[in-house]
Amino acid sequence: MKETIKKPVLAVGPFHPLQEEMEFFQLTLDGEKVTDIDVRISYNHRGIEKISESLQFDQVPFLVSRVCGICSASHPLAYINAVEEIAGITPPERAQYIRVIINELERIHSHLLWVGLAGHFIGYDTVFMWAWKYREPVLDLLEEITGNRNNYGNVRVGGCREDIPNELVPKMLKEMDKVDKKTAMLTNAVLDDPIIHARLKGVGVLTKQAAIDYAVTGPTARGSGVAIDVRRDDPYAAYADLDWNVISQPEGDVFAKAVVRLLEVLEAVKIIKQALKKLPDGPVTIEVKEIPPGEGCGRAEAPRGETFHYVRSDGGNRPVRHKIRAPSYVNVPSFKASCIGEDIADVTITLAAVDPCYSCTERLAVVDGHNKILHNYESLLQMSHEKTARIKKEIGAPEWKLEDI
Amino acid sequence: MKQEELNTKLLEIKGKLIDVEHKPHNRIFLLCESENAYAVNKFLFKNVALRFITATGIDSDDCFEILYHYSNDETGCVVTVKAFIRGRDNPAIESITPFLPGAEWIEREIHDILGIDFKNHPNLKRLILADDWPEGVYPLRKEAKK
Amino acid sequence: MGLKMKALKKSVWVFHVNAGACNNCDIEIVNLLTPKFDIERFGIKLVGSPRHADALLVTGVGTRQAAIRLREIYRQTPKPCIVFCIGACAGGTGIFEGGYHVAGPVDKIIREVDPNAIIAYVPGCPPKPEAMISGVLKVLSTL
Numbered sequence: 001m002k003e004t005i006k007k008p009v010l011a012v013g014p015f016h017p018l019q020e021e022m023e024f025f026q027l028t029l030d031g032e033k034v035t036d037i038d039v040r041i042s043y044n045h046r047g048i049e050k051i052s053e054s055l056q057f058d059q060v061p062f063l064v065s066r067v068c069g070i071c072s073a074s075h076p077l078a079y080i081n082a083v084e085e086i087a088g089i090t091p092p093e094r095a096q097y098i099r100v101i102i103n104e105l106e107r108i109h110s111h112l113l114w115v116g117l118a119g120h121f122i123g124y125d126t127v128f129m130w131a132w133k134y135r136e137p138v139l140d141l142l143e144e145i146t147g148n149r150n151n152y153g154n155v156r157v158g159g160c161r162e163d164i165p166n167e168l169v170p171k172m173l174k175e176m177d178k179v180d181k182k183t184a185m186l187t188n189a190v191l192d193d194p195i196i197h198a199r200l201k202g203v204g205v206l207t208k209q210a211a212i213d214y215a216v217t218g219p220t221a222r223g224s225g226v227a228i229d230v231r232r233d234d235p236y237a238a239y240a241d242l243d244w245n246v247i248s249q250p251e252g253d254v255f256a257k258a259v260v261r262l263l264e265v266l267e268a269v270k271i272i273k274q275a276l277k278k279l280p281d282g283p284v285t286i287e288v289k290e291i292p293p294g295e296g297c298g299r300a301e302a303p304r305g306e307t308f309h310y311v312r313s314d315g316g317n318r319p320v321r322h323k324i325r326a327p328s329y330v331n332v333p334s335f336k337a338s339c340i341g342e343d344i345a346d347v348t349i350t351l352a353a354v355d356p357c358y359s360c361t362e363r364l365a366v367v368d369g370h371n372k373i374l375h376n377y378e379s380l381l382q383m384s385h386e387k388t389a390r391i392k393k394e395i396g397a398p399e400w401k402l403e404d405i
Numbered sequence: 001m002k003q004e005e006l007n008t009k010l011l012e013i014k015g016k017l018i019d020v021e022h023k024p025h026n027r028i029f030l031l032c033e034s035e036n037a038y039a040v041n042k043f044l045f046k047n048v049a050l051r052f053i054t055a056t057g058i059d060s061d062d063c064f065e066i067l068y069h070y071s072n073d074e075t076g077c078v079v080t081v082k083a084f085i086r087g088r089d090n091p092a093i094e095s096i097t098p099f100l101p102g103a104e105w106i107e108r109e110i111h112d113i114l115g116i117d118f119k120n121h122p123n124l125k126r127l128i129l130a131d132d133w134p135e136g137v138y139p140l141r142k143e144a145k146k
Numbered sequence: 001m002g003l004k005m006k007a008l009k010k011s012v013w014v015f016h017v018n019a020g021a022c023n024n025c026d027i028e029i030v031n032l033l034t035p036k037f038d039i040e041r042f043g044i045k046l047v048g049s050p051r052h053a054d055a056l057l058v059t060g061v062g063t064r065q066a067a068i069r070l071r072e073i074y075r076q077t078p079k080p081c082i083v084f085c086i087g088a089c090a091g092g093t094g095i096f097e098g099g100y101h102v103a104g105p106v107d108k109i110i111r112e113v114d115p116n117a118i119i120a121y122v123p124g125c126p127p128k129p130e131a132m133i134s135g136v137l138k139v140l141s142t143l
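The listed protein sequences correspond, in order, to chains Y, E and U.
Under this note's numbering, the first residue of the first sequence carries the number 1, and numbering increases by one thereafter.
Under this note's numbering, the first residue of the second sequence carries the number 1, and numbering increases by one thereafter.
Under this note's numbering, the first residue of the third sequence carries the number 1, and numbering increases by one thereafter.
Among these hints, one or two may not hold up.
[Said to hold, decoys possible] If you only want the chain U side, here are some residues facing chain Y, beta carbon under 7 Å, derived:
#, residue
1, Cys-22
2, Lys-36
3, Gly-48
4, Val-61
5, Thr-63
6, Gln-65
7, Ala-66
8, Gly-99
9, Cys-125
It is worth saying that the hints were derived from the structure and are not from the lab.
Note that this is a predicted model, so its numbers are computed, not measured.
By construction, the Cβ of each residue, glycine as well, lies at the ideal position given by its N, Cα and C atoms.
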């Protein structure tokens, strides 16, 4: 297929047909500055916790994999960690390593997705095309191992459903080298680009104190100087056996969050390569007959942060109560702290810095005192692009070309 | 905070607790009556400086339970406050959002799905149920039909 | 311009609606714009308003809150239009069947507004981008 670099028409976003309807996020303005925000969520509420109570323990992973499509390995793993905690089960070593590999592959493709969207929000569509192009080989690898690009269905109570065939390991190592090389080039380009510096530094700052008050996690926290990471703090799978670093930056602005995510991709590659080389022999699962009564607190470090699952069992074959807390649930409200006082042109990128679901970012609107929509997502995006263009003109740095990376 | 220091610190609020359960895999449960939950939560967040994870609301037939989960990131310990709201009529508990902004959403959510009133919550509006969801129907209560 | 004429002219404009989806299908739809899949070479264009759309790509189970919006968007879309139910959720609520906040599946919600709506299904969880392209083209070719 011939690769053409077109100007993408990323017009995916609700132009709201009902001018009076309340949107997901409503921002109030004073001049060009945001003074308040209110959030309404309900569109995605599917009542998953209740549905979980009607499923058997081993059916639940398929359900929670679909809480959020981009964290579809983290949710089942956090849930399984909770159930294995109740039952006192330790899965075989090979399974622990496979869990690490799958979850780190997810981290790579999720962060690259984010980099692409962030690029789009500030008008660097070459970055969008580039990042989403380099996601594809990672998705292909996941498909080769688990049978699906997303929704892997890979974990079960007691281990993994699928093995990684040893013959696949050399190919995976080669792919990881490629991802490493390309991400390193992009990271250096971002760190050096004066326009990106001017556009993102000091923008959307979430202070360390605000990060603590809003109890944020993941890159949102680590980019604000709160260096927490479940993989290190409360190790699960094989993370404690591998050599890797927690990445954090103190500044708290959008630039810091971008740097954290890019460096985490490089770190994820490092983890995967180690895990592949150290992959122990043996079975990938053990049989589990029943789950005794008890309660478990399972967690996993999803690309967006800590995913927490609380499970209560009464000895039956279904959870009595299953509480799910995705990282975005604590990260998105912190948008209130990072967005107030910001320029309207920076609203989309400030929200994006928290890495919410794409659909969440679509539902952004600015309202006046009478709740009439002044700016919808499309016009906010337009303002963001215009700000970047103004900065480009002032600084006069050279254009990015897809061929350069 | 190191684990030993944490265990010692927890003794300071022993008077407000029914029991302290140390479970395997680094999990601690602090049981208390709902009247004491506010003080226990404030202590954990402000004095012990634990990170708030989330809260779980449970309908337990003769009572309601609100579980507040915290993380001691230095040791990976999860400390859960298990507050019992005795009696099923007009269940209510003091909101912790005034000192913990990160709890705003989860208290609104529990209010939606279990009908528990969080007293002095700054913004107890509907969060996750649809605009046209009927009042007084709480989907996670035992009597709620699917 | 009628849908048939547009299909003959190889230019179909689609509007994406998330009716309570986990985002997997939505991300795969956005993937359609990237060089690897490139839907524009088939004349399919994603537009920013239902008023300009010939077809709707609907993802998600159709939650109670999203159903209100989905019905309104359908009304706003000029007829004739095709509603593509993308994914297992849109096609039949998938794994969320029976959930208390599920008003869907999508065809049920659309038929409340228009019992004669033209509805097509692209199954998968999520359907691969190739499957989405194949599904859309298959339907257009039968017009």
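Hint check results:
1. Cys-22: holds, 4 Å
2. Lys-36: At 6 Å from the nearest chain Y Cβ, U:Lys-36 passes the 7 Å test, so the hint holds.
3. Gly-48: holds, 4 Å
4. Val-61: holds, 6 Å
5. Thr-63: holds, 6 Å
6. Gln-65: holds, 4 Å
7. Ala-66: holds, 5 Å
8. Gly-99: holds, 4 Å
9. Cys-125: holds, 6 Å
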